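Enquirer: Residue strings, one per chain:
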Amino acid sequence: MRELNVDVITNTVEKLCIESNYFLPQDAKKALEEAVMKEESPIGKDALLNILKNQEIAGRNRVPICQDTGLAVFFIELGQDLRLVGGDFNEAINEGVRRGYKNGYLRKSVVDDPIFLRKNTGDNTPAIIHTTIVKGDKLKITIAPKGGGSENMSALRMLTPSEGVKGIKEFIVETVDRAGSNPCPPVIVGVGIGGTVEMTALIAKKALLRTLGEHNSNPEVAKLENELLEEINNLGIGPQGFGGRITALAVNIETFPAHLASMPVAVNIQCHAARHMTAIL
Amino acid sequence: MTRIINTPLTDEVTCSLHAGDRALINGIIYTGRDAAHKRLAELLERGEKLPFEIKGQIIYYVGPCPAKPGKAIGSAGPTTSGRMDAYTPGLMKIGLKGMIGKGECSKSVIDSIVRHKGVYFAAAGGAGALLAETVKEAEVVAFADLGPEAVFRLKVEKFPVTVIIDTEGKNLYEIGRSQYQK
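Taken in sequence, the protein lines are chains W and F.
When we follow numbering that gives the first Met the number 0, the leftmost residue of the first sequence carries the number 0, and every step to the right adds one.
When we follow numbering that gives the first Met the number 0, the leftmost residue of the second sequence carries the number 0, and every step to the right adds one.
The shape of chain F in the complex, shown without the other chains (with noise of 0.2 Å):
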């Protein structure tokens, strides 16, 4: 079964959701990756506002292309997660509920989701033409500078997702890959 689930995300809907469970986003979330998380980390450590309010939001992890004529933006699928995970914590403390992204997570993300009752979708990797189709708007939100590598705010519909690792901290990547290996 697909749900729908729109932004910002509550409890009661990250409760909801299971590990394996497919789910369609509509409304706002924010993109960022490598560059534009290592200037999140620093605005929090010197203590400043971040340029975006992060309660109850999510981050997809993509640094997109740019956009054709006409297109709110470029192809858009997923980065690996992992290389986040440093960072994921902290903003998850100060009420980051969801991240999108594709590959795994270390213990301490995980940990995490389960403390901030948070979840982790994974997008299709390497299907971003497909995804960039549900994005309806682009804008750039914070470092501009940093390129692909910016904070863009997302206006989406209907963007496909599955739920990899939720509020109990079951993963799919393992429940997944028990069932089939040999």
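Bound-form chain W, shown alone (with noise of 0.2 Å):
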């Protein structure tokens, strides 16, 4: 059976919360370069240039693209061929957390206690970690880290089947539509469909991982998609909340099989710095 040192893990860790912080990826990049072309808005077409020159300077400097270097979310798939030795898994991606976020000159934004004291920890750990064990003897870590503002107006609901299309629609509408300027336009809308309450949030944060510009396999999905993007854009939120045609840079949406008596929606904002970053071990 291959052996894996959980060191690997922690250096690779430290790593990727430094990079997925100072480099945006390729696709979001390239989203927002044709999103230039397509705004309308004189002002908001300007904020876009301005988000395509902060990225250009965060990657030049090695600096955050936003202060906001988030939570620290990862996505990890666990290869049921390997086995991890030298320590705990979970602990050695938090050490790399702590690591990455202070040798990174990242910003550490975890509060212990969520009610009373709100404490920060002082090295963004806990970091929170999705594992799923996969076929193969690979360990497949993403990272996403999420800022606070757009995670804040997201929103899940547990609609029945009986609303149907015209239902789901009107509710990730409604959610965008309330964010306004507040969650830094243009928006990724990452949706989750079906499942129980913890998996379409679950799914909903997935489908922001997908790569800009792809859509889901199923083409009624698909067309969903389009059908939604549309709408949001004709919010006219824009770049910044500036008005504008841009108000999202894609909807994704995933979906799993749900209860006979259930259609439940969560709807993920992310803002346009849509940092994630992959490393296989």
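Since the hints were made in silico from the structure, they are not lab data.
Here the structure is a predicted model, which is why all the values come from computation and not from measurement.
Any given hint could be a false lead.
What the hints assert, rightly or not - Here are the simulated DMTMM-like pairs of lysine to aspartate or glutamate, each with C-alpha atoms no more than 20 Å apart in a straight line:
hint, chain 1, residue 1, chain 2, residue 2
1, F, 67, W, 226
2, W, 139, W, 226
3, F, 37, W, 112
4, W, 118, F, 41
5, W, 14, W, 90
6, F, 181, W, 13
7, W, 118, F, 144
8, W, 29, W, 55
9, F, 181, W, 112
10, F, 67, W, 173
11, F, 54, F, 41
12, F, 169, F, 10
13, F, 181, W, 169
14, W, 52, F, 44
15, F, 181, W, 39
16, F, 37, W, 111
17, F, 181, W, 229
18, W, 101, F, 144
19, F, 181, W, 224
20, F, 181, W, 18
21, W, 134, W, 2
22, F, 92, F, 44
23, F, 181, W, 226
24, W, 165, W, 226
25, W, 205, W, 76
26, F, 106, W, 39
27, F, 169, F, 11
28, F, 70, W, 55
29, W, 168, W, 229
30, F, 116, F, 10
31, F, 67, W, 229
32, W, 118, F, 33
Said to hold, decoys possible - Ranges between beta-carbon positions, derived for each pair:
hint, chain 1, residue 1, chain 2, residue 2, range
33, F, 107, W, 84, 57 to 67 Å
34, F, 169, W, 111, 37 to 47 Å
35, W, 48, F, 168, 24 to 34 Å
36, W, 258, F, 168, 27 to 37 Å
37, W, 128, F, 107, 32 to 42 Å
38, F, 93, W, 121, 50 to 60 Å
39, F, 70, W, 258, 45 to 55 Å
40, W, 36, F, 70, 32 to 42 Å
The beta-carbon is built from N, C-alpha and C at its ideal position, and this holds for glycine as well.
Take each chain as given, in its own frame, and dock them per the hints.
Expert: This is the structure in structure tokens:
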């Protein structure tokens, strides 16, 4: 059986924390460049150009794209034929986060007690870790640092089957509408439909990891993505909320089988700094 | 047209700014976000002095990244302003003139802006690297224990902002949106 020392995981996570916060993925850059061409509002176009200029400066100076370097959210795929040695797996990830956020001069944005004291933990831990066991002997680590401003604008509703496509669309558009200028538009709208309350939220977040420009493999869902993108862009919110054609860069929907009685929908809003990065060990 | 304005702000300057105007700010601005605002409000409640002179000043809603060696500050873009809504009217009452953030403000904040001839600016959300380049000096003046949420005194040069809410209560978010809504 292949063995992997957890120290390698810590080192990889440190690097992923830093680089995912300094460098915007190519697909996000391309989507923003296309948005500049499409935007009709002069002030909106200017806002988009500033966003592009910002990511250039961040990459060149090796500094975070956004000061909200987020909660460190991980999606892990652990091959069932891989044996982890040398220590605790979750602790190895948290240690990587500690080092990455310190050595990368990233902001520490975690408070320990969410209700009363709200004291900063000082090292951006604990990370949020979602692990799935898969075939093979590899370890795939994806980090998606998530800022608070856009996360706060996210929502979940337990729709019932009779509310249908109309109900789904209304809830999603309403969520983006209510968010307005708050989540740093243009946004990416991650949608989860189906499953249970926690599953729908999880797949909404996973939807944000999809390469921009790609659609759901189900043509009916892909059509729904296109229709929703058009409706959302007709809201007129525009880049930075200054008014314009481009409110969202994409609507990505993921689905999961649901209970006979349920049709849960989760909307996870992602700001234009759509940071994520993957390493395979 | 882009205006250049200096801090502290006067009524003459704020009244000449209109929703949608772009401006570059020179001078001193103070930072403050959730936790710092809570503490400022507690000081006011107890009738104590604030840790900085607030008359005519601007508060920038930001929690910056740590500065890399040789830099004044790390990435420093705006945070969502709405979370400070509960505290803003009280601070404007004692002289706060401007706020820099991003996103919507409540009606009570807009009323307060009109009453005190203040102004609400947006800085480019998610453009923390670009904005940090305009910060020449940064010094913690209060609540150091809050880390990124401490109050910093920033010296800025040509810090770029857009006027969202002006002294007449006009709101760029509403105006801009109505022009492009279908």
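Enquirer: Could you run down the list of hints and mark each one as holding or not?
Expert: We went through each hint and held it up to the structure:
1. F:67 - W:226: violated (44 Å)
2. W:139 - W:226: violated (33 Å)
3. F:37 - W:112: holds (17 Å)
4. W:118 - F:41: Satisfied, since the Cα-Cα distance of roughly 17 Å is no more than 20 Å.
5. W:14 - W:90: holds (16 Å)
6. F:181 - W:13: It is violated: about 46 Å lies between the C-alpha atoms, which goes past 20 Å.
7. W:118 - F:144: Answer holds: residue 118 of chain W to residue 144 of chain F is near 10 Å, not above 20 Å.
8. W:29 - W:55: holds (13 Å)
9. F:181 - W:112: violated (44 Å)
10. F:67 - W:173: Not OK: residue 67 of chain F and residue 173 of chain W at ~41 Å, beyond 20 Å, violated.
11. F:54 - F:41: holds (18 Å)
12. F:169 - F:10: Between residue 169 of chain F and residue 10 of chain F the Cα gap is close to 16 Å, so the pair holds against 20 Å.
13. F:181 - W:169: Between residue 181 of chain F and residue 169 of chain W the Cα gap is close to 16 Å, so the pair holds against 20 Å.
14. W:52 - F:44: violated (43 Å)
15. F:181 - W:39: Within the cut-off at roughly 13 Å; holds.
16. F:37 - W:111: holds (18 Å)
17. F:181 - W:229: Holds, because 10 Å separates the two Cα atoms, which is no more than 20 Å.
18. W:101 - F:144: With a Cα-Cα distance of about 17 Å, the restraint between residue 101 of chain W and residue 144 of chain F holds, given a limit of 20 Å.
19. F:181 - W:224: Given pair residue 181 of chain F, residue 224 of chain W holds - Cα atoms ~18 Å apart, limit 20 Å.
20. F:181 - W:18: Outside the cut-off at roughly 39 Å; violated.
21. W:134 - W:2: This hinted pair holds, its Cα atoms lying about 15 Å apart.
22. F:92 - F:44: holds (13 Å)
23. F:181 - W:226: Status holds; Cα separation ~14 Å.
24. W:165 - W:226: Within the cut-off at roughly 12 Å; holds.
25. W:205 - W:76: holds (13 Å)
26. F:106 - W:39: Violated. Residue 106 of chain F to residue 39 of chain W sits at ~29 Å, over the 20 Å cutoff.
27. F:169 - F:11: At roughly 17 Å apart (the allowed maximum being 20 Å), residue 11 of chain F and residue 169 of chain F satisfy the hint.
28. F:70 - W:55: Roughly 18 Å between the alpha carbons, so the hint for residue 70 of chain F and residue 55 of chain W holds.
29. W:168 - W:229: At roughly 11 Å apart (the allowed maximum being 20 Å), residue 229 of chain W and residue 168 of chain W satisfy the hint.
30. F:116 - F:10: holds (6 Å)
31. F:67 - W:229: violated (42 Å)
32. W:118 - F:33: Roughly 12 Å between the alpha carbons, so the hint for residue 118 of chain W and residue 33 of chain F holds.
33. F:107 - W:84: 57 to 67 Å: Holds: the Cβ-Cβ distance is about 59 Å, inside 57 to 67 Å.
34. F:169 - W:111: 37 to 47 Å: holds (42 Å)
35. W:48 - F:168: 24 to 34 Å: At roughly 29 Å between Cβ atoms, residue 168 of chain F and residue 48 of chain W fall inside 24 to 34 Å, so the hint holds.
36. W:258 - F:168: 27 to 37 Å: violated (49 Å)
37. W:128 - F:107: 32 to 42 Å: This hint holds: roughly 41 Å between Cβ atoms.
38. F:93 - W:121: 50 to 60 Å: violated (33 Å)
39. F:70 - W:258: 45 to 55 Å: holds (53 Å)
40. W:36 - F:70: 32 to 42 Å: holds (34 Å)
Violated hints, in rising order: 1, 2, 6, 9, 10, 14, 20, 26, 31, 36, 38; the structure is consistent with all others.
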